[in-house]
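Asks: One-letter residues, chain by chain:
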Amino acid sequence: MTINVKQDWKDIVHRCFRCGYCKFTFEYSDFNCPSYKKHRFETYSTGGRMWLIYGIINGDLQWSQNLANVLYSCSTCGNCMENCRFDKFNDFLVDIIEAARAEAVKNGFCPEKQKALLERTTNTEMFNPYGEPNSDNEELKKKYNLPDKAEWVYFIGCTSNYRQKNLRDATLRFLKKINLDFTLIDEHCCTSPIIRTGQIEPVKEFMNYNIDKIKEVGATKVITSCAGCCRTLKVDFAKQGVNHDLEIYHTSELVKRFLDEGKIMFTSEFNKTVTYHDPCHIGRHMGLYEEPRDVYKQIPGIKFVEMGRNRENAWCCGAGGGVKIGYPDWAVEISKERLEEAKETGATILSSTCPFCRTNLSDANDKFNLGLEVIDLIEILDQLEIKVNE
Amino acid sequence: MIKSDILTHLENIVGKDFASNNQEDLFIYSQDSGASLPRPVDFVVLPKTAEEIQKILRLANEERIPIVPMGGGMTLSGLTIPVNGGIVIDLKRMDKILEINEISRYALIEAGVTTGRLTAYLEKHYPDLEVSIPDAPPSATVTGNALIHGSGFLSHKYGNHGDMINGLEMVLPNGDICKLGSCAVSDYWFTRGPIPDLIGLFISSFGTMGIATKMAIKLYPKDNLREVIVGIFKEPKMIPDVISKITNTDIAEDIVFAVSEELIKGYIFLATFITGTSEEEIGTKTKILKRIYRKAKGSYMKVPRSFRNFFLEKPIFISSEADTRRGGGFEYSGNFLPLEKLPEAIEKAIEISRKYGISPSQVSRVIGKGHNVMFAASFSFNRADPNDMENARNALHETNKLVLDLGGIIWKPELAGQKLIIEKMDPSYKQLYKAIRAALDPNRIMNPGNWEIT
Numbered sequence: 314m315t316i317n318v319k320q321d322w323k324d325i326v327h328r329c330f331r332c333g334y335c336k337f338t339f340e341y342s343d344f345n346c347p348s349y350k351k352h353r354f355e356t357y358s359t360g361g362r363m364w365l366i367y368g369i370i371n372g373d374l375q376w377s378q379n380l381a382n383v384l385y386s387c388s389t390c391g392n393c394m395e396n397c398r399f400d401k402f403n404d405f406l407v408d409i410i411e412a413a414r415a416e417a418v419k420n421g422f423c424p425e426k427q428k429a430l431l432e433r434t435t436n437t438e439m440f441n442p443y444g445e446p447n448s449d450n451e452e453l454k455k456k457y458n459l460p461d462k463a464e465w466v467y468f469i470g471c472t473s474n475y476r477q478k479n480l481r482d483a484t485l486r487f488l489k490k491i492n493l494d495f496t497l498i499d500e501h502c503c504t505s506p507i508i509r510t511g512q513i514e515p516v517k518e519f520m521n522y523n524i525d526k527i528k529e530v531g532a533t534k535v536i537t538s539c540a541g542c543c544r545t546l547k548v549d550f551a552k553q554g555v556n557h558d559l560e561i562y563h564t565s566e567l568v569k570r571f572l573d574e575g576k577i578m579f580t581s582e583f584n585k586t587v588t589y590h591d592p593c594h595i596g597r598h599m600g601l602y603e604e605p606r607d608v609y610k611q612i613p614g615i616k617f618v619e620m621g622r623n624r625e626n627a628w629c630c631g632a633g634g635g636v637k638i639g640y641p642d643w644a645v646e647i648s649k650e651r652l653e654e655a656k657e658t659g660a661t662i663l664s665s666t667c668p669f670c671r672t673n674l675s676d677a678n679d680k681f682n683l684g685l686e687v688i689d690l691i692e693i694l695d696q697l698e699i700k701v702n703e
Numbered sequence: 068m069i070k071s072d073i074l075t076h077l078e079n080i081v082g083k084d085f086a087s088n089n090q091e092d093l094f095i096y097s098q099d100s101g102a103s104l105p106r107p108v109d110f111v112v113l114p115k116t117a118e119e120i121q122k123i124l125r126l127a128n129e130e131r132i133p134i135v136p137m138g139g140g141m142t143l144s145g146l147t148i149p150v151n152g153g154i155v156i157d158l159k160r161m162d163k164i165l166e167i168n169e170i171s172r173y174a175l176i177e178a179g180v181t182t183g184r185l186t187a188y189l190e191k192h193y194p195d196l197e198v199s200i201p202d203a204p205p206s207a208t209v210t211g212n213a214l215i216h217g218s219g220f221l222s223h224k225y226g227n228h229g230d231m232i233n234g235l236e237m238v239l240p241n242g243d244i245c246k247l248g249s250c251a252v253s254d255y256w257f258t259r260g261p262i263p264d265l266i267g268l269f270i271s272s273f274g275t276m277g278i279a280t281k282m283a284i285k286l287y288p289k290d291n292l293r294e295v296i297v298g299i300f301k302e303p304k305m306i307p308d309v310i311s312k313i314t315n316t317d318i319a320e321d322i323v324f325a326v327s328e329e330l331i332k333g334y335i336f337l338a339t340f341i342t343g344t345s346e347e348e349i350g351t352k353t354k355i356l357k358r359i360y361r362k363a364k365g366s367y368m369k370v371p372r373s374f375r376n377f378f379l380e381k382p383i384f385i386s387s388e389a390d391t392r393r394g395g396g397f398e399y400s401g402n403f404l405p406l407e408k409l410p411e412a413i414e415k416a417i418e419i420s421r422k423y424g425i426s427p428s429q430v431s432r433v434i435g436k437g438h439n440v441m442f443a444a445s446f447s448f449n450r451a452d453p454n455d456m457e458n459a460r461n462a463l464h465e466t467n468k469l470v471l472d473l474g475g476i477i478w479k480p481e482l483a484g485q486k487l488i489i490e491k492m493d494p495s496y497k498q499l500y501k502a503i504r505a506a507l508d509p510n511r512i513m514n515p516g517n518w519e520i521t
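Same order as they appear, the protein sequences are chains A and B.
Take 314 as the starting number for the first sequence in the working numbering and just add one per residue.
Take 68 as the starting number for the second sequence in the working numbering and just add one per residue.
Source of the hints: derived by calculation from the structure; they are not laboratory data.
Here the structure is a predicted model, which means the values were calculated and not measured.
For each residue, glycine too, the CB sits at the ideal point set by N, CA and C.
Hints may contain errors.
If you anchor each label on the Cβ, the simulated ranges turn out as follows [what the hints assert, rightly or not]:
hint	chain 1	residue 1	chain 2	residue 2	range
1	A	Lys419	B	Ala502	56 to 64 Å
2	B	Glu118	A	Asp642	41 to 49 Å
3	B	Glu380	A	Glu653	28 to 36 Å
4	A	Asp642	B	Phe374	28 to 36 Å
5	B	Cys245	A	Ala429	36 to 44 Å
6	A	Ala429	B	Ser171	57 to 65 Å
7	B	Lys83	A	Asn479	37 to 45 Å
8	B	Gln90	A	Lys680	28 to 36 Å
9	A	Lys419	B	Lys83	28 to 36 Å
10	B	Arg372	A	Arg570	54 to 62 Å
11	B	Arg372	A	Asp324	52 to 60 Å
12	A	Gly684	B	Glu519	57 to 65 Å
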């Protein structure tokens, strides 16, 4: 798929009727599009964006910083794709927005904060959007006694490696505990942040680098603890024409599989009430709804409760699509709504399966003093005793 | 006052985040999904309270700026696109459901509450009550739809949505706030009278008389079972008789009929909706309807589950009709017709559609036990194709003329349709309307260009 508004989308963008289904939850009880709910101008609904993009294509509108701002004020959560009723159009809504962002970049209108993502990611000392010195992960390999060659690679992802190290370490301990034959690579950013913000120029190079590194260690399977990395490796590589024959697993998928196959069994209890936040990147973008739930439900002692909006109908955490870096205050406002919804369930733990969701939800939890514990599924599993059946 | 100063004033009233003259916002609010051409907008504001609207109207009076109120913006007739520029007031931030009175059966809501949200709210908290909603998308507002004299799935039983209004809070063109209906006398928004009924003045006047900020709308008891019984008929002339027979039985919740050459050429679908509290009741009503269909020389049609689900969804996903050209454009000539004129309207509207290369598609609803029929001939078009759009406009205009010739009245007409009505309107009606409008809005700020009677 070529990311180019004029080439790929010209014939379908105008199909949007601006009926507004895209803004709602399934049952229309509330607006479920974070951007529309915040701004309330029709402009900031997906329908509004489709019409703006068509306006650019047919010359009725000129690029401006504000126009770019409207396009970037979207967490690309995909609620619109679930609720738009027009088949063979709804699947492309987020792609169209990302394609339009790529046009904004090409026309010199990428907002400054989002630009910084690319600058840091392409910096040869960093290769990550956080601006941290690149970790080749050799120390971690030594610490966890990981081999040079293995069947699996744990692709840590930048957020876990540079910001949510607890999650990374919990994943490493868990994978060791279940005796998975895995190792680490000197990974570079998976490119999710730069794809989501339309900065696609170096994407293929990064993708090819990571594939080469994975293959160098002889791995055929990749596990990610990050929903964004998972989506990128599974979906975006192919969209960019970077094909690979690697099997990609999100941690929740791997654990579910091992539980189903009887390879592992939880033997201690976790006596807390937990609710689950669906990350958009593995939820609406990939349809992984039941795998994590199946894992939670097999944890002895756990009381698992659902929030009102869940699965395809979930409220986004607000971190994705460049919103966290572009609009940090708004991003935590979006998470605040999710945390309040979690509290209504009586849960004391809001758990997710994405370090980026964890970051934003934790930031909101701290900022608004909401008193929940925000942890990843893998951090719960890390606290359990596990029987491994070889 | 220069534009930047006006924007500053508006920002001071509604907050910086909710007033705009950015090209992007003006672009979006300068057009709707119908076939009307875009017209320029100067400002868009999103007030939260009636008091903010008061201030906006006072500013507009001082500066002689046109004001255009907007609910869901789903009329498709360009009614929320300014004719002479000015300020579009998008009311959807006024979105509180203020009261549900279970005993007197009404909902008191702010003007921006959507049909989707009120329906979901009742479903969750008051499952034995329901509100009539149109077949428009759930983003249509309850108040906006009632004020354009909309209709919905309970209109056969209880009339148009305008008839279901118990009370209104209006901001008048001079900025005064006025309560209408029982709420003018009582704390209860339970009825329109018995005082002089001024509510009608604000229905179908398209914002020329003021801006609604609150509305009380009637709620109705809801049965737990609902079914649709579909029949097909060959001749349009059969329809008035079969409708009369169904309405005589008093068993229908809703009666909708459709012509669709895309689906089935040469037949008219009749969908009668029934409700009940038991399967036995549904079964009895179904048998009665099948007998009526048969006696009227029609046929009962067992429909696939997907078809049945389509009809039973609330709101019906009528936007699918908008997508037949895959081009994001949809317009329809909606009209109020005497039932006896329906067969002629069906046949002649089919001819008009064909003349403009549009596959004939009509969906109509019986209102108030057959007192009226809301007849709609649809014209989907491709927004990217100017000829397609022009064809839709021409078909719309010609169908509108047809309906007026048949003794009907165009519903929520676009500017050209309004002119057609005004040409036929009794002079005394015109004078009365003009005098009232001049008294309420001497500076002519309220949606000027609409209902322009000279």
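Asks: Would you mind marking each hint as holding or not holding in the structure?
Replies: Hint by hint, here is what the structure shows:
1. Lys419/A with Ala502/B: 56 to 64 Å: holds (59 Å)
2. Glu118/B with Asp642/A: 41 to 49 Å: At 28 Å between Cβs, range violated.
3. Glu380/B with Glu653/A: 28 to 36 Å: At roughly 30 Å between Cβ atoms, Glu653/A and Glu380/B fall inside 28 to 36 Å, so the hint holds.
4. Asp642/A with Phe374/B: 28 to 36 Å: For Asp642/A and Phe374/B the Cβ distance comes to about 48 Å; the hint is violated.
5. Cys245/B with Ala429/A: 36 to 44 Å: Check failed, 54 Å falls outside 36 to 44 Å.
6. Ala429/A with Ser171/B: 57 to 65 Å: holds (59 Å)
7. Lys83/B with Asn479/A: 37 to 45 Å: At roughly 40 Å between Cβ atoms, Asn479/A and Lys83/B fall inside 37 to 45 Å, so the hint holds.
8. Gln90/B with Lys680/A: 28 to 36 Å: For Gln90/B and Lys680/A the Cβ distance comes to about 34 Å; the hint holds.
9. Lys419/A with Lys83/B: 28 to 36 Å: holds (31 Å)
10. Arg372/B with Arg570/A: 54 to 62 Å: violated (35 Å)
11. Arg372/B with Asp324/A: 52 to 60 Å: Violated, at about 33 Å.
12. Gly684/A with Glu519/B: 57 to 65 Å: Given a distance of about 60 Å, which is inside 57 to 65 Å, the answer is holds.
Consistency note: the structure conflicts with the earlier hints numbered 2, 4, 5, 10 and 11.
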